[in-house]
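Residues in the sequence shown are numbered from 642 upward in steps of one, following the numbering used here.
Since the hints were derived computationally from the structure, they do not count as laboratory data.
Warning: the hint list may mix true and false statements.
[As the list claims (entries may be wrong)] Under the rule of at most 25 Å between Cα atoms (straight-line distance), these lysine to any residue pairs were calculated in the SDA-like manner:
{"id": "1", "residue 1": "Lys-699", "residue 2": "Thr-710"}
{"id": "2", "residue 1": "Lys-784", "residue 2": "Lys-711"}
{"id": "3", "residue 1": "Lys-686", "residue 2": "Thr-661"}
{"id": "4", "residue 1": "Lys-789", "residue 2": "Ile-713"}
{"id": "5", "residue 1": "Lys-740", "residue 2": "Ser-721"}
{"id": "6", "residue 1": "Lys-685", "residue 2": "Lys-789"}
{"id": "7", "residue 1": "Lys-643", "residue 2": "Ile-654"}
{"id": "8", "residue 1": "Lys-740", "residue 2": "Glu-811"}
{"id": "9", "residue 1": "Lys-766", "residue 2": "Glu-714"}
{"id": "10", "residue 1": "Lys-670", "residue 2": "Ile-655"}
{"id": "11", "residue 1": "Lys-740", "residue 2": "Met-718"}
{"id": "12", "residue 1": "Lys-766", "residue 2": "Ser-706"}
{"id": "13", "residue 1": "Lys-766", "residue 2": "Thr-805"}
{"id": "14", "residue 1": "Lys-699", "residue 2": "Leu-752"}
{"id": "15", "residue 1": "Lys-686", "residue 2": "Asn-774"}
{"id": "16", "residue 1": "Lys-703", "residue 2": "Ile-655"}
{"id": "17", "residue 1": "Lys-784", "residue 2": "Asp-771"}
{"id": "18", "residue 1": "Lys-686", "residue 2": "Gln-763"}
{"id": "19", "residue 1": "Lys-784", "residue 2": "Met-809"}
{"id": "20", "residue 1": "Lys-670", "residue 2": "Phe-793"}
{"id": "21", "residue 1": "Lys-766", "residue 2": "Lys-789"}
{"id": "22", "residue 1": "Lys-740", "residue 2": "Asn-780"}
{"id": "23", "residue 1": "Lys-740", "residue 2": "Asn-755"}
{"id": "24", "residue 1": "Lys-685", "residue 2": "Glu-696"}
{"id": "25", "residue 1": "Lys-766", "residue 2": "Tyr-688"}
{"id": "26", "residue 1": "Lys-670", "residue 2": "Asp-681"}
{"id": "27", "residue 1": "Lys-686", "residue 2": "Gly-731"}
{"id": "28", "residue 1": "Lys-670", "residue 2": "Ile-797"}
{"id": "29", "residue 1": "Lys-686", "residue 2": "Phe-743"}
{"id": "30", "residue 1": "Lys-766", "residue 2": "Glu-675"}
{"id": "31", "residue 1": "Lys-740", "residue 2": "Ser-706"}
{"id": "32", "residue 1": "Lys-686", "residue 2": "Val-659"}
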Amino acid sequence: MKFAIGIIVVLVIIAIWVITGYNGFIKAKNNVEEGFSTMDVYLKKRYDLIPNLVETVKGYAKHESETLTKVIEARNMAQSATTIEDKIAGETALTGTLKSLFAVAESYPDLKANTNFMDLQQQLKSIEEDIANSRKYYNAVVKVFNNKCEMFPSNILAGVFHFTKKPMFEVDGADERKNVKVEF
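Please build the complete structure, drawing on both the sequences and the hints.
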């Protein structure tokens, strides 16, 4: 009798562990999805702003069409990405082309003084700050989720219920990590 009660207690403890572990994974997965969705809202705002920015630059820098085309192509690629990995790759490419766009703008003093361009640039700066903050949040919740997927004993439940690691939204490429050279 005591043996049967002992087995029942062990089974109840295991059942409680499985239920709470599974629910913890669901909560962490939902946090990851929420973090990515929040970031996606800010990315959409940036996508919507870029054509206005390109059109403003186009009026001043007609012979810079290759740079402007690359910006729009990178925007379209990032916007049409369907997976998180593709979205991360697209965002990396878009960030690089935006730097090229602002480098072109530096060559045109009239453009830099244009109030419409300055307003668009300020809006983009604000959106970039929002994106950076949402990336931090996304990466934080991905870290929690990934830790659950890899740490014992929750990794057992991750395997049973097919929870797999999520990608971090990381800076890609050595150019992003280089120190900025300032010259006077």
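Hints versus structure:
no., hint, result
1, Lys-699 x Thr-710, "10 Å, holds"
2, Lys-784 x Lys-711, "33 Å, violated"
3, Lys-686 x Thr-661, "38 Å, violated"
4, Lys-789 x Ile-713, "39 Å, violated"
5, Lys-740 x Ser-721, "21 Å, holds"
6, Lys-685 x Lys-789, "30 Å, violated"
7, Lys-643 x Ile-654, "16 Å, holds"
8, Lys-740 x Glu-811, "18 Å, holds"
9, Lys-766 x Glu-714, "21 Å, holds"
10, Lys-670 x Ile-655, "22 Å, holds"
11, Lys-740 x Met-718, "17 Å, holds"
12, Lys-766 x Ser-706, "23 Å, holds"
13, Lys-766 x Thr-805, "34 Å, violated"
14, Lys-699 x Leu-752, "10 Å, holds"
15, Lys-686 x Asn-774, "15 Å, holds"
16, Lys-703 x Ile-655, "69 Å, violated"
17, Lys-784 x Asp-771, "20 Å, holds"
18, Lys-686 x Gln-763, "13 Å, holds"
19, Lys-784 x Met-809, "8 Å, holds"
20, Lys-670 x Phe-793, "18 Å, holds"
21, Lys-766 x Lys-789, "35 Å, violated"
22, Lys-740 x Asn-780, "24 Å, holds"
23, Lys-740 x Asn-755, "19 Å, holds"
24, Lys-685 x Glu-696, "18 Å, holds"
25, Lys-766 x Tyr-688, "13 Å, holds"
26, Lys-670 x Asp-681, "16 Å, holds"
27, Lys-686 x Gly-731, "15 Å, holds"
28, Lys-670 x Ile-797, "16 Å, holds"
29, Lys-686 x Phe-743, "18 Å, holds"
30, Lys-766 x Glu-675, "23 Å, holds"
31, Lys-740 x Ser-706, "15 Å, holds"
32, Lys-686 x Val-659, "41 Å, violated"
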